[in-house]
Amino acid sequence: MFTLKKNKITNVQTVVIITNYILAAGILTLPRTSVEAVKTPDAWISVLLGGVISILLGIIMVKLSQRFPEKTFYQYCPELLGKVFGTLLSCFLIVYFLTIAAFELRVLVEVTSYLLLEETPRWAITIPFLWIGVYLLAGGINSLARMFEIIFPITVFFFLLIIMMSFKIIEPDNLRPFLGAGILPIMKGVKSTIISFIGAEIMLLLVAFMEEPKKAVKLVMLGVAIPTIFALITVVMVIGALSVNGVFHQTWPTLELIRSYEIEGLIFERFESFLLVIWTMQIFSTFCITYFSSALGLNQLLKRESRLVLLVLPAIIYIISSIPKSIFEVFKLGDYIGKISIVFFTVIPLFLLLLAKWKVSSNDQSSSS
Amino acid sequence: MRRDGKKTPSSNPNFIGVLELDKALLQERLGKNSDVLFREFKLKKSNVSCLLIFLNGLCNRKTIDKDILPVLLEPFDLDDLELLKLTGKIDFIKKYLLPISEIKDTNSIENVTSKILTGDAALLIDGCENALLLGIKEEKTRSIEEPPSESVVRGPRLGFTESLSVNMGILRNSAENKDLIMLELPVGKRAKKSLVISYLNEIVNPRLLEEIKRRINKIDIDYVADSGYVEQLVEDNFLSPFPQVQSTERPDRVMAALMEGRVAILLDGSPFALIAPVTFSMLLQSPDDYYERWIPGTLVRNLRLMAAIISLLGPSLYISFISFHPGLIPTKLAMSIAGSREGVPFPAFIEALMMEISIEILREAGLRLPKPIGQAIGIVGGLIIGEAAVRAGIVSSIMIIVVALTAISSFAIPQYNAGIALRYLRFVSMIFAATLGLYGVTLFFLLLCSHLVRLESFGVPYTSPAVPFRFKDMKDFLIRAPIAMMQRRPSILETKDPKRKK
Amino acid sequence: MINLLRRKLKIALAVAMLFSLSGCWSSKEIEDLTFNVGIAIDKGEEPSEEKDFEMKGATYKKKDEITVTYQYVNIATTKPEAQGAGKKKYINISESGDSNHQMVRDLSLRQERPVTFLHTKVIVINSELLKQKSLKELLDYYLWDNELRPSCLVFVSNGPAKEVLESNTTEIIPAFRLSGMIDNSYRNIKILEPMSLSKLKGKFNSGESYLLQNIYSVDGEIKLSGAAIINGKNNLLLATINEDVLHGISLLKSKTTGGLIKATDETSGEVFIYEVEELTTKIIPIINKDKISFELDIHSTGRISESWMNLSKTPAFINDIEKLIELETEKIIKNAIKTIQKDLQVDVAGFGNQVRIKYPQLWQKVKNNWDEVFSEVPIHYSIKMEVTDFGYRDEN
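Chains as they are written, first to last, in our numbering: chain A, 111 to 479; chain B, 109 to 610; chain C, 11 to 406.
By construction, these hints were calculated from the structure, which means they are not laboratory data.
We put the CB at the ideal spot given by N, CA and C, even for glycine.
Some clues are possibly wrong.
To be verified - Short, incomplete list of chain C residues facing chain B, as computed with Cβ under 7 Å: (1) 36; (2) 37; (3) 39; (4) 41; (5) 85; (6) 128; (7) 129.
Given the sequences, and given the hints that come with them, work out the whole structure.
Structure below.
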């Protein structure tokens, strides 16, 4: 109809999608997981390093995807590895995305149940959420991208607002000594922080939809840098206010931080409501993009544009999200996802990139000889 | 003749040329109407018979009496006869005789019939196959005054009327503009009306124009009563609460939209012009913003945005805090709210629902009453009923405040149809809040955004210019940049000439 | 085809939404709740109503370890029309037992409206009770409950904690009064930085000893005076310190606001007041071959705000006053340090913290018995006070 190119996303949208994907459940638990691994106030350095490494991984994935213009991972993977392995890998990716969607959903349900709606049964919290996701996704990647463009500024605004207000309970001594225990604990911590930043893998799919794929490298850097900054500020604030010792045993340290202060006189004394609202929106966006990725994968594997897929997947996600029986199992699931993603997204894209380069050079040789 | 004795309309679509027969044809079609008058006479004291047919109510009788008939009844003089021999009867009358500004000749009986019924006069001449249509319709229209539903503090006090020609005239009058095109497309299968598309030729995106023409041509309905019908038949998504076509009575709004590269639709008989495509931000804008300077313009616009949010989410936030999360409001406030709600028999949701429905009923009632009483009833009704309800212990005073604030906020929205959308969406948000508290309100917001994001108006995303984010278009969204800085048209419309000429 | 599917989808959605209307499970109207604003924990002693219930047989299996008094706002008095009606604005209910959670739940056996801790502001604990029961155990339920906010403050009381939550006048709600008084901390150096539940969690995990504000109550009036020292290892009350010692410790912790130093002139015997404007305390650990000592550096500027003797602008005079003030300050600090270092052998002034920051490796070695190490370390003082002006007056 018009010129707004269907199924193409702008640069701003690309950045926003990456950012929204990475910012999710992790931000509530990151202070605890990083401090538990590092055991010193230097955990924020691990966070920073985690972000940097994630950017590097993202660049590898971008370079890989740029070799196959207009094709997503599901489409070019069989080209590189042959039908069997390629399909296997794609299936794996689909399952991966589904699991993340289920995980995020479950975390949302846990937190909402705990803090907002104690008596409400789990399904009443989940099902409307799923339906709205289905509705949004029926509009394709364009509506998804635009939705994220709406959610992103709201998140940034409120997040900065409430984090900055927690300044008044920060004690700088809690953040010292700087590098007191040396570099080693920080390195140990990176292993756990990087789990929160694996998100650049979405680039395996996004590059195919971009208006300007050439800019993908810059955009992925920006897209991962923004959540890194968010996470950095969060960890610094949380440790500063609660101290390293206060963060241990605290399931949701970020929430604890926001609940720890009251500002008399302002309209809202308590600000956790804001945090929960924007966090819900963030979980929604992460959920939608993973759900979309798996739906895309199924569609491209089966080589058809089936609307039915959109309806079946939420059911699967719901089932997966109901599997863990306790909050501990939920976190274990999160850990598994993280560990798998480290292995998968460091090794495989690099391997595929080298494979692609080798193939091209061998093609050149064979065609020139 | 059919067997049942009824006369059938002759199948011949054209005039025959013999006056008696043609008159019979027309009488078949129009004879039943008492307001259609047939005037026979002889042309210029000759032997040629003529027939003038016109509609009593719509024709300008003065013109007929003073301009048409005298000329046609005056005797020929020698020069006339010469010309008559040269040109033939129709041409002679049309080109040399009749002092009427609009004359068409036509062969088609259908055409003549419908034109007579819209106020043209038809002249049939014996021996001629064509008839002449004289455009002497008398415009019965009211004076041009400011539309009551869209008044501004500063700006022209002009409003469209029901007459299409007057409206077209007003638009042309806005400025001398050779690019302004008015294209007529008739609509309505049984009762035809004139519809005019207006656009600036050098600016508008040709694909947009094509799309609009296509959709209007697809309109397949008996009678288009008002531009509202056109709006509903042409819009992208009829299930959406949000209008995808803007309707306005103000010519300055239309002109501004045309200058941006949009297309306007005018319908005869309706003072409401339509503008397409439309984005969400346009619904919160008022011409005031542009006539005032940029700082007050920006601030007032943001105020309106706040008002829109309050009117949408006010009661639902109230319900979610009072019924679900009293821990999230300040302690002193919680205490005093709890105190004032002591003894109220209903939960917050029912209370809110009752009060909101009452306000909506009051509002509807206020529209039907004559102007001065309507205002008073609104205020009186609100205050007194509210007070009485609090005294009786049915609702709490906090509820009254929330409802009053919500109602006032919804009046701040300049576009009536946007206001309506927010009014009933408010009820949906209340339901979400009543079942799932603050989480429900968040879900509602997500649902609303999902819908807005999928909505398009003639190919333009509804949520422009916020999303997709184009920095160039931000100058007219949350802020209203100084006029000197607004040099480009909205890029989302992909106009032919993006730079506004200085 | 797609449209049909879409339509079905929308109908299904609508029906599904209807399900959720069948119950607003979590909704509890605000006027149906009782807002608890303060909790007082005393030694287990059954209040009279409970004794009566027990005599009639209305009791369950429990030990009377603690008695908890819950303070609610009397909602009837918060109505705008009911202001000044003369009824008390608060209600206190006491329960005794051995489990906090059980006692809270049992309140619903005695009351029409369920209690909610969403707005609880203060928790006061009897110091006598703290000598026997660990703070961590007493507060365990409250620390991890999802309703009670971590911003809630914890105090120790000299006498029965529930008397702190009483007041004579009908207008005052004692819990609010207490939390409001804490806001005065900028006016008086002897008010401690309040200890919130979230900060307490950190202290429990770190094993360091800490201070809690002590409150005295007489006849419905309360006074914030001194503090209680809680032993970081077992979270029991170690001792209470009086206002003078607290003054010294506050100075050590660099609490600037609200400080006044009262010095006496030798010749005339009159007093004058030095009002602190700026105060910086630096605790500098000095390590010499694994031996730790501290250098205490206090620098302050301020004014003479009140004097019962004549003042003069001459530099010599000012110098003299400054010396007097420094001496007085040194006395206060030495007194405080002696108390915590020698008498009580516990570091609540942050000396250890400085070692942790400056010498983290050394800290790892000493942190487990820091209190003993601390009791032996030498401390050197260097105090400098500067008088900037005499307020508005201009003496000659």
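Structure-based check of all given hints:
1. 36: holds, 6 Å
2. 37: holds, 4 Å
3. 39: holds, 5 Å
4. 41: holds, 4 Å
5. 85: holds, 5 Å
6. 128: This interface hint holds because 3 Å falls under the 7 Å limit.
7. 129: holds, 4 Å
Against the hints set out earlier in the document, no violation occurs for any number.
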